[in-house]
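Engineer: Here the protein sequences line up with chains A and B, keeping their order. When you line the first sequence up against the working numbering, it's residues 407 to 517, in that order. When you line the second sequence up against the working numbering, it's residues 353 to 467, in that order.
The reader is advised that the hints may include incorrect statements.
As a list, the in silico EDC-like pairs of lysine to aspartate or glutamate whose alpha-carbon atoms are at most 20 Å apart [as the list claims (entries may be wrong)]:
(1) A:Lys476 <-> A:Glu408
(2) B:Lys361 <-> A:Asp422
(3) A:Lys442 <-> A:Asp422
(4) B:Lys422 <-> B:Asp378
(5) A:Lys442 <-> B:Glu431
(6) A:Lys442 <-> A:Asp484
(7) A:Lys474 <-> A:Asp460
(8) A:Lys442 <-> A:Asp475
(9) B:Lys361 <-> B:Asp460
(10) A:Lys442 <-> B:Asp390
(11) B:Lys409 <-> A:Glu408
(12) A:Lys474 <-> A:Asp432
Hints were generated in silico from the structure; no laboratory data involved. All of these numbers come straight from a predicted model, not from anything done at the bench.
One letter stands for each residue in the lines below.
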Amino acid sequence: GEDVEQSLFLSVREGDSSVINCTYTDSSSTYLYWYKQEPGAGLQLLTYIFSNMDMKQDQRLTVLLNKKDKHLSLRIADTQTGDSAIYFCAAGGAGANNLFFGTGTRLTVIP
Amino acid sequence: NAGVTQTPKFRVLKTGQSMTLLCAQDMNHEYMYWYRQDPGMGLRLIHYSVGEGTTAKGEVPDGYNVSRLKKQNFLLGLESAAPSQTSVYFCATHSLGPLSNQPQHFGDGTRLSIL
Numbered sequence: 407g408e409d410v411e412q413s414l415f416l417s418v419r420e421g422d423s424s425v426i427n428c429t430y431t432d433s434s435s436t437y438l439y440w441y442k443q444e445p446g447a448g449l450q451l452l453t454y455i456f457s458n459m460d461m462k463q464d465q466r467l468t469v470l471l472n473k474k475d476k477h478l479s480l481r482i483a484d485t486q487t488g489d490s491a492i493y494f495c496a497a498g499g500a501g502a503n504n505l506f507f508g509t510g511t512r513l514t515v516i517p
Numbered sequence: 353n354a355g356v357t358q359t360p361k362f363r364v365l366k367t368g369q370s371m372t373l374l375c376a377q378d379m380n381h382e383y384m385y386w387y388r389q390d391p392g393m394g395l396r397l398i399h400y401s402v403g404e405g406t407t408a409k410g411e412v413p414d415g416y417n418v419s420r421l422k423k424q425n426f427l428l429g430l431e432s433a434a435p436s437q438t439s440v441y442f443c444a445t446h447s448l449g450p451l452s453n454q455p456q457h458f459g460d461g462t463r464l465s466i467l
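Please work from the sequences and hints to get the whole structure.
Structural biologist: Written out as structure tokens, the structure reads:
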């Protein structure tokens, strides 16, 4: 399987931008995803990017992909207290059993 | 508007006991998955199903069995529970489409403790 790595913790002040980073090992990964998990809940698909894209923006969320370095980032603009959660990066290719998750980054937003 | 419903939400078992976790979805999705989530680790795929009557092994299938007799239900069974199976279990689903290979809708999880 693939290794997907993320830092475990990130703290930011309300109103600042948050940047959550992720690296993966399999250069053939076609699909790259960001999920959000709030306490006591399942994962919520936030956004995704295909490997033939460099950037994707969706309201306050910006995903950047550096395919050469196998590095993915999620930027949250104007971070709010409601953004406090665990964010998971996932990478994979075609096939229902071909998706691998990172360990998750716990984002804490300080009022 | 239930989406993906997992039952039970919590359970404590003794080593050697058996139980079944139920995942029910009302979205008519073809694909269903069972994952486990452990501290400091990402989700790991246990088993999955690409349609009614079909199941397949994921990354960590040992000690688990599954069945998909009805399209809307995906059952995860533990025949003889072990402490190493203490975890939070998530069911996920998706339909065919642009993101056709990856889970999009998750249940709220089943927290299982094996003593």
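Engineer: Work down the list of hints and note, for each, if the structure agrees.
Structural biologist: Hints and how they fare:
no.: 1; hint: A:Lys476 <-> A:Glu408; verdict: holds (12 Å)
no.: 2; hint: B:Lys361 <-> A:Asp422; verdict: violated (36 Å)
no.: 3; hint: A:Lys442 <-> A:Asp422; verdict: holds (19 Å)
no.: 4; hint: B:Lys422 <-> B:Asp378; verdict: holds (12 Å)
no.: 5; hint: A:Lys442 <-> B:Glu431; verdict: violated (32 Å)
no.: 6; hint: A:Lys442 <-> A:Asp484; verdict: holds (17 Å)
no.: 7; hint: A:Lys474 <-> A:Asp460; verdict: holds (11 Å)
no.: 8; hint: A:Lys442 <-> A:Asp475; verdict: violated (24 Å)
no.: 9; hint: B:Lys361 <-> B:Asp460; verdict: holds (8 Å)
no.: 10; hint: A:Lys442 <-> B:Asp390; verdict: holds (16 Å)
no.: 11; hint: B:Lys409 <-> A:Glu408; verdict: holds (17 Å)
no.: 12; hint: A:Lys474 <-> A:Asp432; verdict: holds (11 Å)
Checked against the numbered hints above, the structure violates hints 2, 5, 8; every other hint is satisfied.
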